[in-house]
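K.L.:
Which chain is which? The protein sequence lines are A and B, in order.
Quick note: the first sequence uses our numbering, first residue 1, plus one each step.
Quick note: the second sequence uses our numbering, first residue 1, plus one each step.
Hints in this document: simulated from the structure, not taken from any laboratory.
A portion of the hints provided could be inaccurate.
As the list claims (entries may be wrong) - Taking lysine-lysine pairs in the DSSO-like style, the calculated list, with each CA pair at most 27 Å apart, reads:
#, chain 1, residue 1, chain 2, residue 2
1, B, Lys2, A, Lys120
2, B, Lys2, A, Lys104
3, A, Lys120, A, Lys22
4, B, Lys3, A, Lys104
5, A, Lys120, B, Lys8
6, A, Lys120, A, Lys104
7, A, Lys104, B, Lys8
8, A, Lys8, A, Lys120
9, A, Lys22, A, Lys8
10, A, Lys22, A, Lys104
What the hints assert, rightly or not - If you anchor each label on the Cβ, the simulated ranges turn out as follows:
#, chain 1, residue 1, chain 2, residue 2, range
11, A, Leu143, B, Tyr4, 20 to 26 Å
12, B, Lys2, A, Phe18, 20 to 26 Å
13, B, Lys2, A, Leu149, 56 to 62 Å
14, A, Ile151, B, Ala14, 54 to 60 Å
15, B, Ser11, A, Pro115, 25 to 31 Å
16, B, Ala14, A, Leu150, 53 to 59 Å
17, B, Val23, A, Tyr50, 53 to 59 Å
18, B, Ala14, A, Leu40, 49 to 55 Å
19, A, Leu40, B, Ser11, 50 to 56 Å
20, B, Tyr4, A, Leu267, 31 to 37 Å
Just so you know, these numbers come straight off a predicted model, no measurement behind them.
Note that the Cβ used here is the ideal one computed from N, Cα and C, for glycine as well.
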Amino acid sequence: MNMEFHIKQLRTLIFREFWEHKIAIFWVPVSIGILCTLALLWGITREPVYDAAINQLNIMSSIAQPEARVQLLGIFGMVSMLFLAPLYLTIPIYLLVCLYDDRKTGASLFWYSLPVSNAKTVASKLLTALVLMPLSAIAILLLFFMLLLLISTVLILSSGLGAGLLWLLIQSFFNAVLLIVSVAILTGLWLLPFYGWLLLVSAFARAVPFFWAVGVVIALAIAERVVFSSSYFSTWLDSRGIPYQNLSVSWTELVGAFLNYDMLYGLVLGSVLIVGAIYMRRYTD
Amino acid sequence: MKKYVLQKRYSLFASITLLVFLVVLVEGRLSGRISERFGFTSPLLDIRVNDR
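My request is simple: use the sequences and hints to build the entire structure.
P.N.:
So, in structure tokens, the structure goes:
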């Protein structure tokens, strides 16, 4: 079987994930986008908000360009949090139920009858969480950014603030999009041990996967405290547990975050857990 | 058959969980030495080294 066949199979499996989890993958970011658009349109037609926006643009046109660029990136970053923060709530829920639901509904028996390996099935779930879900949220965020850019352009041109600020705004827009895509990839890789753990629990639990996922972690942290009188495990969890700690407006910080000891260590542990989830699917009850 | 499958599932889950748990414990204990020996630096590694 050639490479094209494997890619086609994986694509079909990912499309199946999209079809079966359309609410988490598509409708959640779309709903946030609609809410933000309505809030923006409602706000800009109110005088205090309009005045505040003009005032902010005036300040930016009066300060030095590098400072204004950092401020604009900060604004784009804050807006992106509205879309990315719910994403890191929906992804764990999706990962926790994806393999569990397959077994519970009996769908796994159908997929076992097809020439699809366990590795490909688990890979499709992981790629959905790592690529498809962030991509969907970023696509909607991009549309919202474009609306924001359009409104800002109209405000700049109508208040005669000059083309310099408009050019800076467009530059910051592209910079912000690239940074957000990088942050989403980085956060996905950073959280790989958690994703792997949730996949393993989803493949294992016969009931209440949430309690298994949380309960075992708490039990291990307590066991370490009691038996070894140390807290390496809980410290490690704490140090990796916040997804938005990778949010950055600087490229140098981002490159450093990709290439460091902690990232590689996390990738190794995450891979072990993912391989465990693949093996677990061999023993379906 | 069902018992065998269940046994396999529980033992696989327990082994992988324990393996990861022990790796985290050992790495936590050795993080200071790892940092010194190989010259790795990262803010999170520093947190773990200081937390020892």
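K.L.:
For this structure, which hints from the list above don't hold up?
P.N.:
11, 12
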